[in-house]
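Asker: Protein chains in written order, with our numbering: chain A, 443 to 778; chain B, 443 to 778; chain C, 443 to 778.
A couple of the hints might just be wrong.
A pair counts as met if it fits within one copy or between any two copies, since identical chains are not told apart.
[What the hints assert, rightly or not] Only pairs whose alpha carbons sit at most 25 Å apart, straight line, appear in this in silico BS3-like list of lysine-lysine: (1) LYS769 x LYS486; (2) LYS488 x LYS769; (3) LYS646 x LYS612; (4) LYS483 x LYS769; (5) LYS618 x LYS669; (6) LYS542 x LYS714; (7) LYS751 x LYS572.
The hints are simulated quantities; they were obtained by calculation from the structure and are not laboratory data.
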Amino acid sequence: MSGKKRLKLLSPGRIYHVLSAQQFSKSELYGLFELADRIRKIAKTKDGLDFLQSILSHKRAVLYFAQPSTRTYLSFNNACQILGIKTSDMRSAGYSSEVKGESIEDTLETMHSYTDMIIMRHVEENLAEKAALMFNNSDKPIPIVNAGSGPHEHPTQALLDVYTLCRAFKGKVKNKTLAIIGDLKRGRAVRSLVYMLSNFDGIKFVFLSPEELKIPDDIRAYLLNEKISYEESDNLDKYIKKADVFYYTRIQDEYDKQHESKTIDYTTFYLKSALLRQMKPNAVILHPLPRRNEIPPEIDKDQRAWYWKQEVNGLWMRTALIAHIFKEDGYILNYK
Amino acid sequence: MSGKKRLKLLSPGRIYHVLSAQQFSKSELYGLFELADRIRKIAKTKDGLDFLQSILSHKRAVLYFAQPSTRTYLSFNNACQILGIKTSDMRSAGYSSEVKGESIEDTLETMHSYTDMIIMRHVEENLAEKAALMFNNSDKPIPIVNAGSGPHEHPTQALLDVYTLCRAFKGKVKNKTLAIIGDLKRGRAVRSLVYMLSNFDGIKFVFLSPEELKIPDDIRAYLLNEKISYEESDNLDKYIKKADVFYYTRIQDEYDKQHESKTIDYTTFYLKSALLRQMKPNAVILHPLPRRNEIPPEIDKDQRAWYWKQEVNGLWMRTALIAHIFKEDGYILNYK
Amino acid sequence: MSGKKRLKLLSPGRIYHVLSAQQFSKSELYGLFELADRIRKIAKTKDGLDFLQSILSHKRAVLYFAQPSTRTYLSFNNACQILGIKTSDMRSAGYSSEVKGESIEDTLETMHSYTDMIIMRHVEENLAEKAALMFNNSDKPIPIVNAGSGPHEHPTQALLDVYTLCRAFKGKVKNKTLAIIGDLKRGRAVRSLVYMLSNFDGIKFVFLSPEELKIPDDIRAYLLNEKISYEESDNLDKYIKKADVFYYTRIQDEYDKQHESKTIDYTTFYLKSALLRQMKPNAVILHPLPRRNEIPPEIDKDQRAWYWKQEVNGLWMRTALIAHIFKEDGYILNYK
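Could you build all of it, start to finish, from the sequences and the hints given here?
Answerer: In structure tokens form, the structure reads like this:
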């Protein structure tokens, strides 16, 4: 999508469609983080939760998840429920008119006809942007939230990742070295995270992966263009004492063409107790989850393991994002 | 089902079960149209939507869709949500006790045990009527809404079709020629539409289809009996200037026994720009959707293309229908 | 699970996790029955239902059903709706991150992250207890409700079974002979029922089954240990005049390893009209449902056939149970 087209999709000063991690400015991010912090406080009491549920009680959303999901689906559905939004599921093409030969555009148009927001996960890279353009040109625009577009982007994952870093580093994401580990070639969370972190000063990336799973050229070009410092390596040991953040990902073998992942040795990157002992005491270990064996469960209790808090943050971040989209952030911040 | 049995199912003056397009009188239809118009006005504000949601907040429904659906499912689920009805999904026999060998009657009885309404789509022709009879004989009758019974009937589709015609023709459906095009043999929407339009004066039908997909004998017999004028043809060109309404349908090849649809040439009926230029300026193009190639997307912007408005009308029509079933029409009409 | 571990899971005087039918005391059972009776009365009016929905309007639950279910799923979902709890479905592993290789523990942890209760059906025997332990050790315990654990337990089925007996026998479950019929080897409902009924005095069991489907050794040992009288037989006729309760079950062939159920003759146990005539006039016929042919539908109208009432009782029992878990029983009992 060209810059011009994108601009038209993204109204300045106010997030409407959520399509790419690139669209967020630093001030928007801090605004969302503050809103998420506030919402989770309000949500501590029944009165607070009943207040939150009254805000968007008149809205209806569809959760269109054409790829499997547990946490993204659940956190979005629960975020909608927290704000009183009623949801409908479209989680299997097998139930829908796609089996009758309907085009994806017509299916999206139908969701648009009946609801006020579409939260969508789809393997097609640009489908969310296509939908946003379609509806902007209609007489009833509705927001589109990209909840994962194939191997390409996962902007709300980046939101909760950076929100977690912000909480872990007491409000300041600055001058940090992030080791990003695993399937960097096909991990949509990685691309979105790199985009979003380019808002912050002094961020350095170390991309650690098997040779076959190195970051794609477009990310490399983006970093060069943005003058963001990065290294690539297959040697985790070398960085274990230096990095402030260890962002793990699993092998995304659902995008394999011929089971090529089976021949890749990822075990040398696995987090082991011996490595843990060498990490900085205030390092932050993240993972978008689901994990396989790259982080064994016995690590979970280490205070540097932030991935389960990161998961919980996803609920509040997504609730804040939806509240912002519907312009209810001010109303919430003024509560009590 | 015999006339006597049917009478018992259909309480006069007030729609309860929705089983067939035949059950609606002209005054009932106009009452529903007025109610739908009112509801969509009330729904323009948060106060209005919160009012609507309070009306049936104590009711629970099950959406039992044993055949695939996008728009009928979504519009019914959203209609329930607009009125505050809580819904449960049964959309795949694979999740249900049918895999344990339960009879369909017992499955229906279970839905009846727990909810206040069953909205059902099933391939079996008379299942909705069977359910209605079962529950009428129980100590807790609940309404059954037929959301599509195999190739047989789709009464709520006819409701929204006629509602759309009523809006397109400024409140009067009279003295119109309708070209019905496509798979007339297995299109349940077609049968239901013919039944419902027989309430109105001066309606003429032209059935345009490939030889293999002509209307079944029961529709022909019905039209003769009701003294409704109709023609059958495979020549769309001949009627392109005359018809007031073009009701398109797709080939329903899910009912093929041996892929027989593959040998049928439907392309000669496709709507092309050249044909569009010959149509009356106020002609109305409808389609129950999903479509395949019979109407190309570039037609969508023509002002005579009413099928996306028709889809939206489905939401308000179904909301009105459910409100009527639960006797809340008066309450809604008196709002403000 | 050892007794000690179990004790830690089960806070005395107040049910929190629902893991096994063994955990319920007689006074807890009568408390739940009274609460269920009260709730179904309150639910008779819109005001009452709106009151009930306000109670837990701030809670969210996930229904994790990894095995097929119609009535348990629907009754739990509707019970949640009656109390205002918002629900999310996880009914197919195909939609979830389990297809990406996530461990079941991580999937449970994710549900825990976003919701206030997990209602779960899973083939794994101890998964509900494992989840309860996991969450007890977390900083945010949430209740786990076992809605069926493979062939092992189904405690909420036992609750509604005993509730039904209590209603059938005017409040007193005492000195009764229960014939339990069918697949006693793999029927989880049977084990849970035996556990729960051991609270009551003078209960005698007659286990009637084909040789291949006799009760497993653990139930036999339990009965001996608890000094509860029981017989085993394959002769239904012998007990038809004596038993007060006939609890039927279907063959659970989903647990077959090699279609071994096909060679078992269960027809000699089927309930026939001739047998019905020999039963006590106030006998009670129960079935957890779904049924196959062991009780033909023509029996349904006999006043001794309680299984459809039993099914309805499931809704109110589960509503009462959830209200109790969240400590709202007192509030409900004081209504009006």
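Asker: Hints numbered earlier in the text: which of these fail when held up against the supplied structure?
Answerer: none
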